[in-house]
Every structure is written in structure tokens, then in C-alpha cells.
Amino acid sequence: MYKFFLYSMLLFLYLGLAKFLSPSEMGIDYLQNEKTFSKLISGNHATAILTDTHATGFLIKTFYQKYRIISGLTVEDRIFRTSKEFAKKNLTHIGLALYAKNSEIETTTPSLPGMIYVDDREYGYWKERKNGQIVWVFNKTYKHYPKYLGWGKYRPDELTFQKFRSHLLTGEAFLGLNNEFGPEGSITKKYFPQFFKVERKKKINLQTMMVQFFKENF
Amino acid sequence: MAEIFDRLMIRLLLVLFVCLMIFLYRYAHLIFYPTVKRQALTKISPAENPADTLHFFSRLLGISVIFSSITFNEASGFFLTLLHFTLWGILSITLYLISMYVIESIVFYNFDYTDEILKRKNMSYAFISFCHAITVALLTKTIMQESQSSMVILLILWLFVLVLFGMSVKYYTFVSKLSFNRLMMQQNLALSFSYGGFILGSGFIIASCFNQEHYDITIYCIQVLLKAILSLLIFPLFKKGLIYIFPIKYQSAMTDDNGIDFERQQLGYGFFEGIIFVSAAILTTLIVNRIQFGSIYPFF
Numbered sequence: 204m205y206k207f208f209l210y211s212m213l214l215f216l217y218l219g220l221a222k223f224l225s226p227s228e229m230g231i232d233y234l235q236n237e238k239t240f241s242k243l244i245s246g247n248h249a250t251a252i253l254t255d256t257h258a259t260g261f262l263i264k265t266f267y268q269k270y271r272i273i274s275g276l277t278v279e280d281r282i283f284r285t286s287k288e289f290a291k292k293n294l295t296h297i298g299l300a301l302y303a304k305n306s307e308i309e310t311t312t313p314s315l316p317g318m319i320y321v322d323d324r325e326y327g328y329w330k331e332r333k334n335g336q337i338v339w340v341f342n343k344t345y346k347h348y349p350k351y352l353g354w355g356k357y358r359p360d361e362l363t364f365q366k367f368r369s370h371l372l373t374g375e376a377f378l379g380l381n382n383e384f385g386p387e388g389s390i391t392k393k394y395f396p397q398f399f400k401v402e403r404k405k406k407i408n409l410q411t412m413m414v415q416f417f418k419e420n421f
Numbered sequence: 002m003a004e005i006f007d008r009l010m011i012r013l014l015l016v017l018f019v020c021l022m023i024f025l026y027r028y029a030h031l032i033f034y035p036t037v038k039r040q041a042l043t044k045i046s047p048a049e050n051p052a053d054t055l056h057f058f059s060r061l062l063g064i065s066v067i068f069s070s071i072t073f074n075e076a077s078g079f080f081l082t083l084l085h086f087t088l089w090g091i092l093s094i095t096l097y098l099i100s101m102y103v104i105e106s107i108v109f110y111n112f113d114y115t116d117e118i119l120k121r122k123n124m125s126y127a128f129i130s131f132c133h134a135i136t137v138a139l140l141t142k143t144i145m146q147e148s149q150s151s152m153v154i155l156l157i158l159w160l161f162v163l164v165l166f167g168m169s170v171k172y173y174t175f176v177s178k179l180s181f182n183r184l185m186m187q188q189n190l191a192l193s194f195s196y197g198g199f200i201l202g203s204g205f206i207i208a209s210c211f212n213q214e215h216y217d218i219t220i221y222c223i224q225v226l227l228k229a230i231l232s233l234l235i236f237p238l239f240k241k242g243l244i245y246i247f248p249i250k251y252q253s254a255m256t257d258d259n260g261i262d263f264e265r266q267q268l269g270y271g272f273f274e275g276i277i278f279v280s281a282a283i284l285t286t287l288i289v290n291r292i293q294f295g296s297i298y299p300f301f
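Going line by line, the protein sequences match chains G and C.
Counted the way my numbering counts, the first sequence spans residues 204 to 421.
Counted the way my numbering counts, the second sequence spans residues 2 to 301.
What the hints contain is simulated information worked out from the structure, not anything from laboratory work.
Check each hint, because a few of them may be wrong.
[Claimed, not checked] The calculated DSS-like cross-link candidates involving lysine-lysine, where the alpha carbons are at most 30 Å apart (straight line), are:
1) G:Lys206 x C:Lys122
2) G:Lys206 x C:Lys250
3) C:Lys171 x G:Lys222
4) G:Lys206 x C:Lys178
5) G:Lys206 x C:Lys44
6) G:Lys222 x C:Lys241
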């Protein structure tokens, strides 16, 4: 009994010390759910776009999400450790902004990235194209935003903006008028390709795995 | 040809130099064992006292192990090489002998060298001391390699390794069924094999904990400590597992008055326990140090 007690104490000491001192526990913030965004992301104007997600571990999984965070003129890629529920829930939200805020709105509704800046005079203006379509264009200071946001040549029009506003009210995810964004969206696949890499999706069968193993080892 | 001959000469001179260092060590040994003047100053007679011979020459083996960790950098000049070897040699011998003194003071707290070796010719004492000598040498060699030619780091690591090793020798009473003090007085060889296996195993584990890359001494020490605690958790599992896989018979009819089986005190049990300890320790190093978990962000 005494030995068992001693062993248990040792086990707890190891777990405690390892958690406290482990390099993997340092420098990575824990994003429990969407409510935690506001604590982790500073700045009055910010957008967090989910660009990749990954789980590590054999029996006990640890979930990580990679975000592109745009705040003012700074852009950074940050990795957060997250809960299983939040990671699973957002598997269908790759390429979408899971958090956005400006001086008026703060939302965690998954939506087409950068829509928070649309119709904000500080960031840009509405411009009529030759075909008569009115689209949102960023002004010179923020001319790189389409690249940061993963838009490419895509520019939202007024109808998209109205739809976005209505989705904000319902809390339903907004993937663009023709689902251009999100895991099935062509624009997301093109500008955030990491998650969609073929080797990530490839399922290796036992035979292939064995052949590869013997090739590498003999 | 001249260059080859020159290199051969350098090697021969270095052989002489190492022998000179060992000669110096013979007298340095007197500082810690002043009662053995006879060993250092006169010819040793192995037949007269085998226990004394084993005890004395185990240190020589230890010194040889430690010297094997010092490198000769001939490119910096012959005399600088000799100076480097002399400095590090003296430092390593000093640390080694202090370590041996401290460890033997802890383990043989109730025993005296003069009584046990010189008067009683206790082979059990001598064999345990032999195992200490090899293990401490292995640990000193490890920290010398890890110190990266920094004497400050060497001293920090030496203190750290001494604390870990000192604690590990106390762990023996938790894992063995043999009574150390009682069997030592009986000159029981089973104890020496069991304890020898345990102490060698501890040495392997501690040396493997120190054997890792380091950029920052604090982080390195923390990692060593964590690995040492993890080893403490893994080692009993392997020990139990091995005993379960290879069960042995205890003859309860031969139990003595103190409740300790007679069979257990025999040589066979000492071999069994000693080998179980060494095997469990080596397997522990496998689990603690040889698993590559890879990066936690393989795709990011």
C-alpha cells in the first residue's frame, strides 16, 4: 500500500512538472471555444481566419487550429490548442473568418473572411464595374487585404454584403453566394491550399505501408 | 613516411603521458584512502587479499573509462594538447574520487574500509565497491562529454549527477528483498550481485538521462530531472513484468527465523535479482530515451 501511494505521488509529480515545464505547453494559447477569441486576439479591428486544423496523439488526441489573424496592417499566422468539440465543429469552416470585430460589431459567426471591413469607409469604397456590378474595393492603405484574406480576384458585391448581414443576425455560417469559400469552396482551396493537400487526404492501406517500410529499411 | 612516423611518435608519447597521469592517480588515491598507504607505496600482492585487489583496481578501471572521454586535439599543438589533457585529467580524477568518497560514505555508512577489506577480506564489500567504481566512472564520463569543454557546466552537472545517483542508491531498499546491512556483515555474495546489478542499472538510466542535446543549461537540467522521474515510474513496471514473465520458486520450507527465505540468500537469487535490475534499467532507457515522438505540428 505504501509503495502504491509512493508510486502515485511520483506519477502526479511527473505529470505536474511535465505539464508545467513542457515546451509544447509554452507559447501556445488554449482556444476553448468561440468565446475565448476576444481574450486571445487584441486590437479594435481584427479578423481570425481558420486556415488549417490538425489532431495529434495516439490514444489521447490534442487538437490544434491554425489561424491567419489580420489586425490593422499586421498579419500573422498563429496556432492555438483547442478543444475537441470546437475543432470538430469547425472542420467545415476552413477558410472562413471565425472571429471578426470592428468598432461596432464583434461576431463569431463563421463567414466569408473580411466582410467585417466591407461598407466601412475607413477601409475602402464601393466601385461600379463596366458590367454594372457594384463591388467592394479596398483603398490604397489596405490594398494587400484581398491577398491576406484569401480573396484573390474575388470582390464581394452589395448582394453578398446584404446576405452577410442577414447571416450575422441568424448566426448561420456564410460561405458566399455560390459557396466560393469554406472546405468545398474553390477560392478557399486555391488560396489556403495547406488543408487540401493530396497527401493529407490520402489513406494508406496496409500493403502500401508495408511496401514503403521495406523499401526504406532494406 | 616522415609524417606517419611523426604521428606514431606522438601516439607513443601520449601513451607515456597517460601512464604518467595514472601513476599520479595512484598517489592521489591516498588522499581519500590514507589507510591504504601499503597499496600505493609497495608492490600489491593479489593473492594475499583478493578483496583489496578488486577494490583498488576497480578505481583503475574507472579512471580508464573516464580518460576515454578526453580527446587529444593535436591540431592546436603538442604542448597545448598535453596541458588540456592534464587539466581535464586532474579535474576528472578529482571529481571521480570525491564522487566515490561521497557515494561510499552513503552506502557503507555502517561499515569501515579497514575492517571490511583489510581485516575481514569481505568480497561482498569489494564487489559492491567495484560496481560503484564502474558506475561513477560511467557517469563522470557522461557529464564530461555533456559539459562541452566548459568547467562551469561540468561542475553544475557533476553536482546534479551526484545528487541523482546518491538518491538512487537509497532506492535499493524499495526494490530488493535482500537486507543490505545484515547480508553485508555476513559477506553474502548474493547481495553483492543483486546490489551490483541495481547500481549498474541506475548508472545506465542516469547516464542516458544526461545524454541529450542542450542549448540552455536550465532547460537541460529540467529535462534531465523529468527523465529521471519518468525512469522511476517506468523501472518498477519492467521489473514487475520481468519477474512475472520469469517466475522463480521460493522454498518456503527453508525459511529462517527472520522470515527471509534461505533460498533468497543464495547466489542464484542474487544473480536473478541483479540481472533483472540491469535488464529492467536498460529497457527503461529504451522507453525513456529512444522514442521519437516527432513534431507536434507535422502539417503546420
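**Report entry** Which numbered hints fail
**Finding:** Going through the list in order, the structure violates hints 1 and 5 and respects the others.
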